[in-house]
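Here the structure of chain U is known, so what remains is to put chain R in place on it, guided by the hints.
This is what each chain is made of:
Protein chains: 2
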Amino acid sequence: MNADQTGLDKLTTPALLLDQQKMMRNITRLDARAQALGVTLRPHLKTAKSTEISKRVGGGTRGPITVSTLAEAEEFHAAGHKDILYAVGIAPRKLPRVQALRTQGCDLTVILDNVPQAQAVVEAGVPALIEINSDGHRGGLQPDDPELIEIGQLLAGGGMLRGVMTHAGASYSQRGDEKHATYAEVERRAAIDAAQALRAAGLTCPIVSVGSTPTAHGARDLSGVTELRAGVYVFFDLVMAGIDVCTLDDLALSVLTTVIGHQTAKGWIMIDAGWMAMSRDRGTAVQDVDQGYGVVCDEQGRVISDLIVGSANQEHGVITLRPGAAGPLPVFPVGTLLRILPNHACATAAQFDHYNVVEGESGVIDVWPRFRGW
Amino acid sequence: MNADQTGLDKLTTPALLLDQQKMMRNITRLDARAQALGVTLRPHLKTAKSTEISKRVGGGTRGPITVSTLAEAEEFHAAGHKDILYAVGIAPRKLPRVQALRTQGCDLTVILDNVPQAQAVVEAGVPALIEINSDGHRGGLQPDDPELIEIGQLLAGGGMLRGVMTHAGASYSQRGDEKHATYAEVERRAAIDAAQALRAAGLTCPIVSVGSTPTAHGARDLSGVTELRAGVYVFFDLVMAGIDVCTLDDLALSVLTTVIGHQTAKGWIMIDAGWMAMSRDRGTAVQDVDQGYGVVCDEQGRVISDLIVGSANQEHGVITLRPGAAGPLPVFPVGTLLRILPNHACATAAQFDHYNVVEGESGVIDVWPRFRGW
Chain U
1 MNADQTGLDK LTTPALLLDQ QKMMRNITRL DARAQALGVT LRPHLKTAKS TEISKRVGGG
61 TRGPITVSTL AEAEEFHAAG HKDILYAVGI APRKLPRVQA LRTQGCDLTV ILDNVPQAQA
121 VVEAGVPALI EINSDGHRGG LQPDDPELIE IGQLLAGGGM LRGVMTHAGA SYSQRGDEKH
181 ATYAEVERRA AIDAAQALRA AGLTCPIVSV GSTPTAHGAR DLSGVTELRA GVYVFFDLVM
241 AGIDVCTLDD LALSVLTTVI GHQTAKGWIM IDAGWMAMSR DRGTAVQDVD QGYGVVCDEQ
301 GRVISDLIVG SANQEHGVIT LRPGAAGPLP VFPVGTLLRI LPNHACATAA QFDHYNVVEG
361 ESGVIDVWPR FRGW
Chain R
375 MNADQTGLDK LTTPALLLDQ QKMMRNITRL DARAQALGVT LRPHLKTAKS TEISKRVGGG
435 TRGPITVSTL AEAEEFHAAG HKDILYAVGI APRKLPRVQA LRTQGCDLTV ILDNVPQAQA
495 VVEAGVPALI EINSDGHRGG LQPDDPELIE IGQLLAGGGM LRGVMTHAGA SYSQRGDEKH
555 ATYAEVERRA AIDAAQALRA AGLTCPIVSV GSTPTAHGAR DLSGVTELRA GVYVFFDLVM
615 AGIDVCTLDD LALSVLTTVI GHQTAKGWIM IDAGWMAMSR DRGTAVQDVD QGYGVVCDEQ
675 GRVISDLIVG SANQEHGVIT LRPGAAGPLP VFPVGTLLRI LPNHACATAA QFDHYNVVEG
735 ESGVIDVWPR FRGW
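These protein sequence lines map, in sequence, to chains U and R.
Just so we're aligned: 317 in our numbering is position 317 of the first sequence, and the numbers increase by one with no gaps anywhere.
If you count the second sequence from 1, you need to add 374 to reach our numbering.
Note that these hints are calculated values from the structure, not bench results.
Every residue gets a Cβ at the ideal spot worked out from N, C-alpha and C, and that includes glycine.
Take these hints with a grain of salt, some might be off.
[As the list claims (entries may be wrong)] Lysine-lysine pairs mimicking DSS-like chemistry, simulated, CA-CA at most 30 Å apart: (1) R:K456 x R:K429; (2) U:K82 x U:K55; (3) U:K82 x R:K384; (4) U:K10 x R:K456; (5) U:K266 x R:K553; (6) U:K179 x R:K640.
[As the list claims (entries may be wrong)] Beyond 10 Å from chain R on every Cβ pair, some chain U residues (computed): (7) Q5; (8) Q20; (9) N114; (10) G176; (11) G261; (12) P323; (13) G335; (14) A347.
[Said to hold, decoys possible] To give an idea of the interface, some chain U residues facing chain R are shown, with a C-beta separation under 10 Å as derived from the structure: (15) R93; (16) V122; (17) R138; (18) A201; (19) G202; (20) I260; (21) R372.
So that you can see chain U by itself, here it is in the shape it has in the complex (with noise of 0.2 Å):
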């Protein structure tokens, strides 16, 4: 640790652990496929929400992103994105901040899936895409759907079809590569089909958009794709590792605590970590392999065999054995720091206002802003 550095003993605990090493290998291997998949990457920053991460991927060119709120919108405009996609269904009340950021300069396009929106949003002059539903997991019209016409019409009457778009959220609960070739092909097929549809009616469909991160590791061909969206391919986490995608090494993400008792009867080690640094995410309670709050690490962020965080309250966390785990429980003082590996990164991340940069078993290089809100 040279001298500018922070040593993690100086930390107030619980606190936000970034290893921008694995970050960046996670960044390059993406943009790495992107590029030989012939499609140009639009990460999604809902899971960074920094500016300091936004410049770092897609080759440091503040490229094209996706967003899930205006906020992050506006921020990331304010450093230097011009090209953003928010990627959550408009709500028609909210087209006049839209408008106010592309009277800005930021080219701002906007997602829908109903006549209404689509009103709106010709009304307001905002370009949008169409959500196709892809794998019937959240919103989206089929691709032969007769709504996709009509409001592809009603679009490009106003000038403001842009392509459609797709995300097959369900990949997220399958393993292995295979699985997630076979998403991809899910929704390249249900993009280029809804593309196909729109262009057979007469109409224009330049941006034919997809992507998860389970899905943009494991596509085989994007023909007909124009770009790809995945966000927490940037830290990944443990329901990415528990499906395959990285393993627990590519974990970017860990949250700094600190032992502060033991319930040595019943084989627990109290922490200060509890779900309000961890959230309440649970992602991998309905994985292969059930994670608790989080794996367990020592501070230099080497992964403790069996041990995870096995119940949390609102500050407390309690390591335990992972069931069926045949111990010894290791022996950590009050004092010892920890690093917890987190269940989801989006979730985790969210309840700090801040990263502290580490590459491997340094001290803190450097603090991240994040932000949050909508």
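Chain R in isolation, oriented as in the chain U frame:
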């Protein structure tokens, strides 16, 4: 709605609403109970995290409070609170911040349950309560643990022994006043037994502190107890309603959301409040009635029977009929405003930076900031 108020349709959804009348009714209810029981109420402000609310609890006296983080202690001390209990086992590395507050005139007390912590607080000159384990759910010593006396002597030797405290967190999984009364007695018994053990060893134990929202409302007799702690009683939530501590009509917090689409064939109404707004807390999942991610109300806050947020993504919620409900699904056009009652007020409120204060069907009559972090 008078001219000074902002209509709910002017808010960016999702937005956090706080019904001030309901909150004040909840506050008054527990104030009256504490008075009847002859104990001091020390509200736990980990739920509220607002100095506007801290001045409304406990008779508006800026009286004794409980906190879950040192950030809360600092904020509430700056707002005029002098008597603060930090009720998470102290990490020795945090003592300099405690000392700094004490130097500024804040009578900040910490809690602990082991010898290394006791040694550290004596060295730092910080007074402490010893945490007692009344129901096996978290930290603390059994009242008959010999270590209690050892720690008591250590603290008393340094002039830092203030007393004992316990919290029957297991009461949250018990339904009905009878059971809460039983757990209140479990808390009282453990705390007064521990106090008695300390006194029998020649030590003083001026403070005997107990409480949780269910036990505070269920307690029949608190003889020997000096103070009562509770937090979520200020707002209440679906988890508290599910164990009959309150009714749905008492819930002071809700999340305002907008309908953004429909998947009619599936019986889904899509809204712009996902888990980022509601939190991932699914506390009612283990109760008699699983409320999903929340109970749906109309814009005015009237509960819509059998309608819940059945699932959630980061910024999307899916409203469905409750399993088994006959239907039909109500018709809510795109743009309709709804309110969602949360499972867990502490977790949902933490997702927002401010409360939009309303009264019944009023518009927004005030905006109160919240803080967070550690």
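Tested hints:
Simply put, K456 (chain R) and K429 (chain R) have alpha-carbon atoms about 12 Å apart, close enough for the 30 Å limit, and the pair holds. For the hint pairing K82 (chain U) with K55 (chain U), the CA-to-CA distance comes to about 13 Å; that is within 30 Å, so the pair holds. Of the pairs offered as hints, the one joining K82 (chain U) and K384 (chain R) holds, with about 27 Å between alpha carbons and a cut-off of 30 Å not exceeded. The straight-line distance between the Cα atoms of K10 (chain U) and K456 (chain R) is roughly 27 Å, inside the 30 Å bound, and the hint therefore holds.
At most 30 Å may separate the alpha-carbon atoms for a hinted pair to count; K266 (chain U) and K553 (chain R) meet this at roughly 25 Å. For the hint pairing K179 (chain U) with K640 (chain R), the CA-to-CA distance comes to about 25 Å; that is within 30 Å, so the pair holds. Listed as outside the interface, Q5 (chain U) is consistent with that label: its C-beta sits roughly 18 Å from the nearest C-beta of chain R, beyond the 10 Å cut-off. Every Cβ of chain R is farther than 10 Å from the Cβ of Q20 (chain U); the closest lies at roughly 22 Å, confirming the non-interface assignment.
Annotated as non-interface, N114 (chain U) brings its C-beta within 10 Å of a C-beta of chain R; the closest such distance is 5 Å. Under the 10 Å C-beta cut-off, the non-interface status given to G176 (chain U) relative to chain R holds; the minimum distance is some 22 Å. Not every beta carbon of chain R lies more than 10 Å from that of G261 (chain U), the smallest distance being close to 5 Å; the non-interface claim is violated. The beta carbon of P323 (chain U) sits about 18 Å from the closest Cβ of chain R, which is more than 10 Å, so the claim that it is off the interface holds.
Against chain R, the non-interface label of G335 (chain U) is violated: not every CB pair exceeds 10 Å, the least being about 5 Å. Interface exclusion of A347 (chain U) from chain R breaks down, the closest Cβ pair being 6 Å apart, not more than 10 Å. About 6 Å separates the beta-carbon of R93 (chain U) from the nearest beta-carbon of chain R, less than 10 Å, and the hint is met. At a threshold of 10 Å, the smallest CB-CB gap from V122 (chain U) to chain R is about 14 Å, leaving the interface hint violated.
Here the hint on R138 (chain U) is kept, as its CB sits about 6 Å from the closest CB of chain R, short of 10 Å. Taken as an interface hint, A201 (chain U) does not check out: its beta carbon lies about 22 Å from the nearest beta carbon of chain R, beyond 10 Å. About 26 Å separates the beta-carbon of G202 (chain U) from the nearest beta-carbon of chain R, more than 10 Å, and the hint is not met. A distance limit of 10 Å between C-beta atoms decides the matter here; for I260 (chain U) the minimum to chain R is near 4 Å, and the interface restraint holds.
Interface hint at R372 (chain U): satisfied, since its Cβ lies 8 Å from the closest Cβ of chain R, which is below the 10 Å cut-off.
Violation of the numbered hints given earlier is confined to hints 9, 11, 13, 14, 16, 18 and 19; the remaining hints are satisfied by the structure.
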